[in-house]
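Undergrad: Line by line, the protein sequences give chains Z and B. Under our numbering, the residue at position 547 of the first sequence is numbered 906, and the numbers go up by one with no gaps. Under our numbering, the residue at position 281 of the second sequence is numbered 285, and the numbers go up by one with no gaps.
Keep in mind the hints are simulated off the structure, nothing from the lab. Errors might be hidden in some of the hints.
Heads up, simulated SDA-like pairs for lysine to any residue below, C-alpha to C-alpha not over 20 Å straight-line [unchecked claim]:
id: 1; chain 1: B; residue 1: Lys253; chain 2: Z; residue 2: Asp453
id: 2; chain 1: Z; residue 1: Lys834; chain 2: B; residue 2: Phe450
id: 3; chain 1: Z; residue 1: Lys599; chain 2: B; residue 2: Tyr106
id: 4; chain 1: B; residue 1: Lys140; chain 2: Z; residue 2: Leu814
Listed next, with one range per pair, are the computed distances between beta-carbon atoms [said to hold, decoys possible]:
id: 5; chain 1: B; residue 1: Asp490; chain 2: Z; residue 2: Lys457; range: 30 to 36 Å
id: 6; chain 1: B; residue 1: Ala432; chain 2: Z; residue 2: Gln816; range: 37 to 43 Å
id: 7; chain 1: B; residue 1: Arg477; chain 2: Z; residue 2: Thr909; range: 37 to 43 Å
id: 8; chain 1: B; residue 1: Arg347; chain 2: Z; residue 2: Asn468; range: 45 to 51 Å
Cβ-to-Cβ under 8 Å is the rule here; a few derived chain Z residues that face chain B [as the list claims (entries may be wrong)]:
id: 9; residue: Val362
id: 10; residue: Pro603
id: 11; residue: Ser857
Built from N, CA and C at the ideal position, the CB exists for glycine as well.
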Amino acid sequence: MTVFGRLRGYYQPYLGYLWISLTTLGLATALGLIYPYVLKLIIDRVVLGHAYGNLWLYLAIILAAALAKGGCNFAQQYLGQVFGINAAYHLRNDLYRKLNTQSFSYYDNVHTGDLMSRLTADLDAFRQFLAFGFNNIVSFLLLTVFGLGLMFSMNVKLTLAVIGLMPVLAYVAVRFDSKLWPAYKSVRQKLGHLNTSVQENIMGVRTVKSFAREDHEVRRFGERNNEYFSSNIRTANLWKNYFPYMELIGNLEVAVVLLVGGYFVITHQMPLGDLVAFLSILWYIIQPMSQLGYLLNTWTQSQAAGERLLEILEAPRAVDNASQAHNGQLQGHVVFRNVSLVHEGNPVLHNISFEVTPGRTVALLGLTGAGKSSIVNLIPRFYDATSGQVLVDGVDVRDWDLQALRRQVAVVFQESFLFSTTIFANIAYGHPDASMEDVQRAARLAHAAEFIDQLPQGYQTLVGERGLGLSGGQKQRIALARAILADPRILILDDATSAVDMETEYEIGHALQDVMRGRATFVIAHRISSLKRADQILVIDDGRIVQRGTHDQLLKKDGLYRVIFDMQFKDHDSFADGMAASAAELDHAGA
Amino acid sequence: MKSTLEFDELRAPFIYRDDEALEKPFKMEQFWRLVAYMGRYPRLVTGSLIATVGGIAVSLVTPYLLGVAIDSAIARGHMNILVMYASALVTLYMVNFAATHYRIRFTNWLGQSVIRQLREELFSHVQDLSFDFFDKRPAGSVLVRIMNDVNSLQDLFTNGVINSVTNMFTLAGIVIIMLSLNWKLALVTMIVVPFMFILSTRLRVMIRRAWQTVRVRLSRINAHLNESIQGVRVTEAYVRQEANQEFFKYMNGDYLNEFRKAVGLSAIFGPIVDLTGAVGTVLLLWYGIHLLSVGEVTVGLLVAFANYLGNFWTPISQLGQVYNQLLVAMASSERIFQYLDTRPSVVDRGQAQALPAIHGLVRFEDVSFEYERGKLALRGVSFVVEAGQTVALVGHTGAGKSTVINLLARFYEPTSGRILIDGADIGAAKLQSLRSQVGIVLQDTFIFSGTIIDNIRYGKPGASDEEVMEAARAVYADEFITRLEDGYHTQVRERGSRLSMGQRQLLSFARAILADPRILILDEATASIDTHTEQLIQKGLKALLVNRTSFVVAHRLSTIRDADQILVFHDGEIVERGDHAALMQRRGRYRQLVQAQYRFMA
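Chain B extracted, bound-state conformation:
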């Protein structure tokens, strides 16, 4: 967690924070929790193991067979025996063919299934988490967990675990075969094996770290490129090109250096491995031919040993890979499990009842709430709203208006006090039954990528096209929609969608009226929009509020004035309540607020 360059933090032209730890030490408990995911696919695990072991068996037997064929058939001139060995070899190769086929199939199914499963579990879990979880984290970091961290486990699940099991057997197999063929030659040949192990773990760790640094640098570059493109208009307007170019050059050069370091390490790896192999071969030939000269071994055996020596490297190399995968997996799985172990703060209680069809009588009884310990956002608020009434919540930012609506929708649980709908405590109701009957229009309308019609339908999944259009007409949204090139079927998305703020609001009204909730919560947006759209919004708003209990965090004077009840909030408390006329007469805080507003209009 360090800033990108050696600039004074305050004046750093751009700051890109890196991801969290890239590797963590091995933890048994966490490892088993990971492996348990594979346990859900016993048939794939078994299949993978059998196929992999099959392939290995063949690769262990063939060098031996080749050696024997040279000794007993070719050296002695027995053509028919040679044909026999050759056909045995071909048979084994066919077995290997099948084994490879099934190994690829089973290991990939296994790895991909586990990844799919884990991601699904993580996503559904995050979906159930409450607002407080999302309040604390930027969307980007949640995305990284679900996408990158899960993906980083892919190799481990596809090949890593299966291979490490089979590789142990392979190594043991080779050692046993070589020892039983000729233990003296075996010991001499295996002198290089420990060295191979060291190479495959130590040097590999260094190489992986070097490449991780490269990737981190590259993702900074990409992050910067991305925002440079998005903010290019600002850059050009403020003539920042030269300074940015300097920054980029520095960043790009930094990447170049790291890349050269990593490439240097990687390029050493192959030659050193080859050299180790050559030393092993020389040892084999030197001592083998010595044994050959005294008649203790044959040429065929030497050929077989040379092959086995070659076969050492693959499992050792793969074990080194798995070792690295595990270190990386420890870091990412720790973060994944941390999410999975987070419990939602708002959940259905043990005996939660589904809320029956709501009439709309809402009562707050001495409700208090704190977002953070010790900081009361709401202090003992009580009020009653009759079914069908419109309540305007008024007050400065942070006075407690939004908290009231957040609690009513049960996005958070009150710290003390109760909230009743038709006399039933919403804390004891099933969340789904509550939220499906309470409509919420947020200040920022979120647009899902898809068509306009699907976006409106988000409020009521089963609605017909006709119903959707009816809803749009009811809140005066159809005027702008029908003017779009594809009308209701125009494709829109959150970023870069061509909808204006006003149009987004109209869309959210249509969404809400389609859902037809008994209780409506509406957070009026403050944005100034062009006058024509503003007129439509005011008319749409009126239509939306008819016949339902409505809570409006209001900014428009017209909305406030038409409300049945106005609650004036200050510092987490209701300081005044009543209708417009009554509150104006009181000459209190409400009147001050209105006058302050009015001053800027006239």
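Just chain Z, with the same shape it has in the complex:
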């Protein structure tokens, strides 16, 4: 099916607007031809025929036609735009819905910038074609047909003389526009580059100043600035090289009409009124001709744009709801049974099996890239296992109702993301109608309350892209409060307190013990101090569980856990010795 066919659902309900718009367009075009014709009548009959008494009638016709034409033009333009914007409205809503339900693996492969350009530039190109692309094409045909028809009806030979230059004009116009599109694209691109480099510079300004590299930055900026300048000049050069020709051809047509038409008048083959009318019709044809290139381009561009929108809309979801979804209160019993995961062709997890009962804490330890996050991501179905089963309360997660499952599992991600709104709304993201008391309690448990209370606007403080800049540790604590407020049966902390200092991390750990009583908790961390109290520690290496047990059990065995422990604690042990020694000395001196 064609692109427009596949997108039909979005504009079909509004086709009525388009039909009225096209009808009024036809009317306006026809009405537009009244003026040159009446002008001819005035000159031939009133001026040359001295029938002055009829003048008021002709003038009334001109005014009436102008009024009607104005009304038609308004309806034509307005309804066309309404047609386009309504279709775009529905399309945008659906794109948004689709993007918000697309699986995580989809986002591993797309860039925000690419999606954004589809949601903005492509959506607009498509809308524009609906809004005035159709109309422009129809108007082009009408003007050409009506205009030529009227000219032919007045004088065939003069019309033929005029038509001669039209193909040249059309050719130049098409060629011009085919070059203009890439030129404008390059201008947008260079502007984008310039924008990125300025943004990067401002964000990194402290580093720039630290290394006293301001001059280097100004030079680099200068290069980008020049590129943008040059791309603008290149576009201007296209205008400079083509536009004067198009203008000249139009003008030459006037000279042709004057000379050839004048000859016909002088030799009495044509009345003077026809000549004047010809001069006024000429622009009806020249103008659409010079826009022919633009018309053809909007058509091809909107096709390509529609295709890119369909790619989003028609992309399959890797994770979708089961037909007979399991729903209900979740207890927090998690079992991994021989789970393996292949992500984009790479084996990530091999044969993972373990069990967690409600109220227990599992800690995952391992080097970066070992597969810890991949394991926990399978529980709320951010990804689906390639083989094996993940069971929650004895039911395969793929049979759970996706929403019900996720509402009862809260994840705090490695990189905390805050939305552009108040701290309150960020914490309440999972429970928008939470009370202030609940939000404050969650913040307190996440050790975020102290710093929030110190902000002049407290929970009302704006954060996010344009809001107050928070430190990494502060953002993490807000993200943690968000998870606590969600009151989950399963809590997953994926390196969630990495930017929080050790003291606070310890206290958060304590606070969570109370919160998570009776629920299952998964903790990924690097500091042994923050996971040693777990009921079960899984040591992950290269996608496999290489060791499991409690802290005390694992310490007694040789293996990765012991190695990591030694690395972290040899320093502290010697430090502790030093402290003990100095304390002893002190006691000695005191005694």
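Position chain B against the provided structure of chain Z, taking the given hints into account.
TA: Relative to the frame of chain Z, chain B by itself:
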């Protein structure tokens, strides 16, 4: 500055603040300051004016010529005169061709050059501004000044100013020609002109405002889409899709309504203009033919007048456009000039001397500092650090550690007291000579988009590839770098770069050791990183500190313990100083701090 929707501000699902004022009243002074930028290109201005005037002259003469040709050649049957007029017309069209060509060329060069110049000036200026400037503003708002505000002046500089000058002449020209041809007919025909003026200013202002509202709504939508994509994982994890969809629908519908309003206004504009033109034509024909019947005018003159009437609209319309451009330009240029008029708070003083090669003896003499008036961040701090020593700065957040290093790098000037390096006051030294000899490793390592090797080289622009790799090896960063798919030539960037926190830190160490500064300032990051990388960082840190005066805002016990001197800060003052053993014996604040830390490790 209002929140997006009618939600309780506290619970608003998303809040997008709009940009500042979109238009400001005309100010002469500011206008001249803008125009002065064009004065730097006198040849382009002259060229643009000549070409534009040339084109206008042709467009003024041709209707007249056409009229005369009809009257004196066609109506009277003189073919040879007709050929003469036709060739004159063609000649004029050729002149117009050249004029159009040069007009496009000169006006674009002029406009783009001014924009380039202004942006360059603004960027370099912002580059020279001090930390306090950036402390107060989110990066986004500075970006908007340099990009959007400058761009919004583009039309004004390319066409606006030149056109408004030439349009005045055109209007005057048309009026004079018409009056001299036939003053009675001219007056009647020009009845519609004032109306055209009103349309082109008043209605245009309304239309522009309507579209600005549309653009603001659209940029909110885009801001929301952007962050929805970036935060999609959170949205899905917390099952917020339905609520967000509601919000988006509301936002999208709001945009739809504004768009319809703006389109409605725009769609009225064209027909009204046409109608005005038609009224003018009817007046012309009615009175013109009356004059014709009494033999006062000719058919050719009527044709000429009809053409002139058509020619009125273009300059009037363009003047209306320029009027709108000016209102917008007043708002954006005010913000631009505000930046340009901000002076950096830290500058080279009148007789600043370049700092000679540093040995590394640092002395703080009774230094105090306040970020905000009346709030002392540092109270009379004095200490001495011998060349080559490592100093650990210890204390709670806000105790004054970061202020010390900010002052040492002269990111801010002390409110009172002096800071001396090798006995010379850094306040009297050239900034460039100071900062190029002082290395700074910040807590957050900033990654510039480019290759790894270029990122390390940021510390020493002329370094060879070999030197860069040598530096990376020295701080144990080469292990992870060589494991990346393109090694040192792997492309990285600030956002979405795949480097972990630990890897970023190693990279910043390599940057610093390559620069080989005599004085090193290091703000240790608190992030917990995987154990293996942590080991590398500790080893890299040791290598980095060797043989230079080092100031470390320390969190790692190992770093603190190995320091030659520990300064314990509390509430802007140094409350204890000495080495680890000595401070532990004192049983003071330091010991408390260490014990508190230690408790969580064991």
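Undergrad: Next, verify each hint and record whether it holds.
TA: Hints and how they fare:
no.: 1; hint: B:Lys253 to Z:Asp453; in the structure: 10 Å, holds
no.: 2; hint: Z:Lys834 to B:Phe450; in the structure: 18 Å, holds
no.: 3; hint: Z:Lys599 to B:Tyr106; in the structure: 8 Å, holds
no.: 4; hint: B:Lys140 to Z:Leu814; in the structure: 15 Å, holds
no.: 5; hint: B:Asp490 to Z:Lys457: 30 to 36 Å; in the structure: 34 Å, holds
no.: 6; hint: B:Ala432 to Z:Gln816: 37 to 43 Å; in the structure: 42 Å, holds
no.: 7; hint: B:Arg477 to Z:Thr909: 37 to 43 Å; in the structure: 40 Å, holds
no.: 8; hint: B:Arg347 to Z:Asn468: 45 to 51 Å; in the structure: 48 Å, holds
no.: 9; hint: Val362; in the structure: 22 Å, violated
no.: 10; hint: Pro603; in the structure: 4 Å, holds
no.: 11; hint: Ser857; in the structure: 5 Å, holds
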